[in-house]
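Student: Could you put together the complete structure from these sequences and hints?
Heads up: the sequence lines are chains E and A, in that order. Reading the first sequence from the start, the letters are residues 1 to 393 in the UniProt record's numbering. Reading the second sequence from the start, the letters are residues 1 to 393 in the UniProt record's numbering.
Which copy is meant is left open, so a pair is good if it fits within one copy or across any two.
Restricting the straight-line Cα-Cα distance to at most 25 Å, the calculated cross-link-like pairs of lysine-lysine (DSS-like) are:
1. K73 / K30
2. K279 / K358
3. K278 / K323
It should be emphasised that the hints constitute simulated quantities derived from the structure, not laboratory data.
There are 2 protein chains.
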Amino acid sequence: PSKGGTIYRLKECLTHIRTQLDNVVDFWLKHSHDTVHGGFFTCLGKDGHVWMYCRLYRTMGRFCKPEILEAAKTGGEFLRKNARVLGSSNPWKCAFCLTRDGRAVKVQRSIFSECFYIMAMDELSRVTDDKDLQLEAEQMMEQIIYWVRVDSSGLGRPSLPGDVPTNSMAVPMMLLCLVQQLTEGREEAVTQKYKELGNWCVEQILQHIQRGGTAILENVSVNGEELPGCQGRLQNPGHALEAGWFLLQYSAMWGDDNLQKTAINKFVELPYQNGWDKKHGGLFYFLDVDHHCPTQLEWNMKLWWPHCEALIAFLMAYSQTKKPELLERFYQIYEYTFKHFPDNDSGEWYGYLTQEGKVALDFKGGPFKGFFHVPRSLFMCECILTDLLAKHN
Amino acid sequence: PSKGGTIYRLKECLTHIRTQLDNVVDFWLKHSHDTVHGGFFTCLGKDGHVWMYCRLYRTMGRFCKPEILEAAKTGGEFLRKNARVLGSSNPWKCAFCLTRDGRAVKVQRSIFSECFYIMAMDELSRVTDDKDLQLEAEQMMEQIIYWVRVDSSGLGRPSLPGDVPTNSMAVPMMLLCLVQQLTEGREEAVTQKYKELGNWCVEQILQHIQRGGTAILENVSVNGEELPGCQGRLQNPGHALEAGWFLLQYSAMWGDDNLQKTAINKFVELPYQNGWDKKHGGLFYFLDVDHHCPTQLEWNMKLWWPHCEALIAFLMAYSQTKKPELLERFYQIYEYTFKHFPDNDSGEWYGYLTQEGKVALDFKGGPFKGFFHVPRSLFMCECILTDLLAKHN
Numbered sequence: 001p002s003k004g005g006t007i008y009r010l011k012e013c014l015t016h017i018r019t020q021l022d023n024v025v026d027f028w029l030k031h032s033h034d035t036v037h038g039g040f041f042t043c044l045g046k047d048g049h050v051w052m053y054c055r056l057y058r059t060m061g062r063f064c065k066p067e068i069l070e071a072a073k074t075g076g077e078f079l080r081k082n083a084r085v086l087g088s089s090n091p092w093k094c095a096f097c098l099t100r101d102g103r104a105v106k107v108q109r110s111i112f113s114e115c116f117y118i119m120a121m122d123e124l125s126r127v128t129d130d131k132d133l134q135l136e137a138e139q140m141m142e143q144i145i146y147w148v149r150v151d152s153s154g155l156g157r158p159s160l161p162g163d164v165p166t167n168s169m170a171v172p173m174m175l176l177c178l179v180q181q182l183t184e185g186r187e188e189a190v191t192q193k194y195k196e197l198g199n200w201c202v203e204q205i206l207q208h209i210q211r212g213g214t215a216i217l218e219n220v221s222v223n224g225e226e227l228p229g230c231q232g233r234l235q236n237p238g239h240a241l242e243a244g245w246f247l248l249q250y251s252a253m254w255g256d257d258n259l260q261k262t263a264i265n266k267f268v269e270l271p272y273q274n275g276w277d278k279k280h281g282g283l284f285y286f287l288d289v290d291h292h293c294p295t296q297l298e299w300n301m302k303l304w305w306p307h308c309e310a311l312i313a314f315l316m317a318y319s320q321t322k323k324p325e326l327l328e329r330f331y332q333i334y335e336y337t338f339k340h341f342p343d344n345d346s347g348e349w350y351g352y353l354t355q356e357g358k359v360a361l362d363f364k365g366g367p368f369k370g371f372f373h374v375p376r377s378l379f380m381c382e383c384i385l386t387d388l389l390a391k392h393n
Numbered sequence: 001p002s003k004g005g006t007i008y009r010l011k012e013c014l015t016h017i018r019t020q021l022d023n024v025v026d027f028w029l030k031h032s033h034d035t036v037h038g039g040f041f042t043c044l045g046k047d048g049h050v051w052m053y054c055r056l057y058r059t060m061g062r063f064c065k066p067e068i069l070e071a072a073k074t075g076g077e078f079l080r081k082n083a084r085v086l087g088s089s090n091p092w093k094c095a096f097c098l099t100r101d102g103r104a105v106k107v108q109r110s111i112f113s114e115c116f117y118i119m120a121m122d123e124l125s126r127v128t129d130d131k132d133l134q135l136e137a138e139q140m141m142e143q144i145i146y147w148v149r150v151d152s153s154g155l156g157r158p159s160l161p162g163d164v165p166t167n168s169m170a171v172p173m174m175l176l177c178l179v180q181q182l183t184e185g186r187e188e189a190v191t192q193k194y195k196e197l198g199n200w201c202v203e204q205i206l207q208h209i210q211r212g213g214t215a216i217l218e219n220v221s222v223n224g225e226e227l228p229g230c231q232g233r234l235q236n237p238g239h240a241l242e243a244g245w246f247l248l249q250y251s252a253m254w255g256d257d258n259l260q261k262t263a264i265n266k267f268v269e270l271p272y273q274n275g276w277d278k279k280h281g282g283l284f285y286f287l288d289v290d291h292h293c294p295t296q297l298e299w300n301m302k303l304w305w306p307h308c309e310a311l312i313a314f315l316m317a318y319s320q321t322k323k324p325e326l327l328e329r330f331y332q333i334y335e336y337t338f339k340h341f342p343d344n345d346s347g348e349w350y351g352y353l354t355q356e357g358k359v360a361l362d363f364k365g366g367p368f369k370g371f372f373h374v375p376r377s378l379f380m381c382e383c384i385l386t387d388l389l390a391k392h393n
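Tutor: As structure tokens, this is what we get:
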């Protein structure tokens with residue numbers, strides 16, 4: 001395509017994504033706030049909400065409005081007051097789900113609620129310039145690092161003789177995301193503090209490249225070997241793509257060209273190649289690398305978030321390399337995503353489609369879908385597109 | 001239909017079910033035995049396998065064969081040796097999943113692995129006339145009763161301020177099943193020992209009749225009131241139908257006509273009315289009583305086991321009452337089930353269909369599908385049909 005044609009199409013995308021982001025923000029501002037007890041309706045959403053409102057307030061002029069700041073601060077207060085299960089044997093554990101008035105309903109035996117808590121606290125500290133919140137985020141980070149790298153017994157999962165230690169993609173991926181959250185734009189000392197951890201995360205993520213470089217497997221041994229059974233054969237294309245753009249960000253930060261290349265070939269192109277449904281379009285949720293049927297009942301469904309992550313991954317890969325084939329992939333995912341997920345009548349996106357692309361679950365907010373993946377994707381894509389177009393002028 | 005027509009059709013069903021049962025037993029005998037380490041391949045299957053082989057060996061002449069007994073005994077030894085997590089803080093907990101050589105991979109914080117362990121041990125004690133196994137089953141039963149009725153902290157789930165105690169259908173249902181397992185044909189003292197528990201289970205199950213008798217809800221408060229939120233609105237038609245035939249068995253044992261009537265109206269008819277997919281046929285996995293979308297991604301799938309339970313429930317209800325409308329429902333479920341689930345090429349049944357009835361997961365054994373629901377349903381239906389036809393002659 002001509003340069004003019006490319007620019008025209010990028011501008012179209014930008015306009016569309018910008019409008020979508022505005023609509024999505026409006027939806028959540030309108031529907032998800034609890035003005036009685038604070039906090040937000042929908043479970044996991046809470047920490048994601050706080051992070052997202054803060055990030056929008058801090059970095060996009062049109063969202064630098066009192067109601068966004070207010071939403072973030074109220075949510076942050078609710079979280080600080082209620083998220084940590086202070087009375088328990090481990091006061092650093094965070095609840096996955098709270099009652100409306102802030103009592104813990106469920107605590108997971110993993111690190112992910114705590115990771116989202118860090119994202120919320122760190123981003124809120126940037127908006128409010130509250131050093132206490134930054135300290136809270138960094139202290140929680142120390143606790144998570146201890147659980148992951150030293151001793152996980154505090155998470156509450158007893159060790160069992162047949163349960164071999166596993167390197168699950170989600171863990172180093174999430175930690176790398178947090179390293180970027182905690183260090184972005186901060187003083188050199190903070191960057192240095194997390195440098196070794198960042199490198200360790202990258203190394204752990206790269207261990208998931210398996211089968212002679214032809215597949216990203218979700219779970220590998222702690223030595224980076226393939227695990228036996230269905231757990232070892234599992235592929236989660238959306239996760240791999242999300243890891244892909246985390247790696248791209250990291251490679252750009254440190255000017256690591258090799259890492260950029262690996263990220264694009266193995267964590268952007270490959271999950272698309274292996275994960276795209278050639279018949280009906282869209283990315284599968286789970287796949288088995290040997291083409292057996294995954295044991296997850298929802299394996300063939302099309303979920304919103306892998307598509308959100310794929311949009312960011314391909315657009316970022318294109319913006320860093322300007323390779324037209326990456327832009328073509330972006331368009332392909334863009335077409336599928338905007339044709340199938342947004343609810344143009346009531347706002348926001350549907351989250352769960354059948355393999356054929358029919359809406360299977362029609363709620364907008366649920367235990368795992370809040371104000372997070374959709375606006376983060378629209379926000380990231382808008383930033384990248386704006387940047388691309390600015391450079392063209 | 002004429003009496004002759006009814007008998008003809010029942011005979012057809014019997015012949016078909018008998019053949020299916022033989023095929024299913026052959027499939028598992030052939031494919032699931034680990035001759036190296038003992039035990040069976042497929043996770044939860046293990047205890048179900050032992051129970052099922054024992055029950056078939058003990059009660060059906062054509063399965064009273066050495067290879068069935070051998071399968072049951074080998075499996076029982078594997079379970080006795082490996083299922084309980086003896087080195088842990090709670091040596092009565094059973095593993096949900098074991099490695100091939102018997103090391104625990106996963107222990108659930110619920111009572112269900114232990115319940116299946118009891119079923120296996122008790123039934124094996126009947127086949128082998130081994131009183132130690134009966135004692136082991138009864139001791140495990142005491143432990144479960146303690147967890148359910150006195151103190152659940154030994155299950156390993158910390159109590160949280162927002163997590164209200166809940167009466168989940170699965171618990172009293174499973175305990176009622178165990179009461180029947182432990183008492184059937186045993187001396188009066190054993191029957192009396194579990195009588196109060198049986199009545200308590202029935203009472204707990206009946207608390208799930210909600211909305212003025214128009215719905216069975218899966219989770220209610222411990223006082224039998226509706227719970228708020230999606231957890232409280234959840235319906236699981238297959239579970240209700242399974243509870244239905246447990247109640248029918250119990251009502252027959254104690255000659256309780258009122259309970260029989262409630263079981264049929266509320267736990268057999270109602271879950272069918274609310275749970276049957278009028279458009280595509282088959283029973284939904286989950287439904288929301290207010291017609292919202294359930295949060296479970298697999299809510300609209302058609303699973304094998306609710307259909308297995310529905311076949312037993314309607315046939316048992318018919319055999320106890322001879323009401324032709326119950327037989328008509330049985331035929332309807334029978335048609336759907338045998339049209340969609342059996343794999344006539346490779347044997348056994350598929351377990352997971354899309355809403356439209358297409359196979360969505362093509363494995364025969366998985367983490368939740370073993371040698372249990374299919375053969376139990378075929379076995380129960382064959383027994384009831386044989387009994388019905390014998391009385392007609």
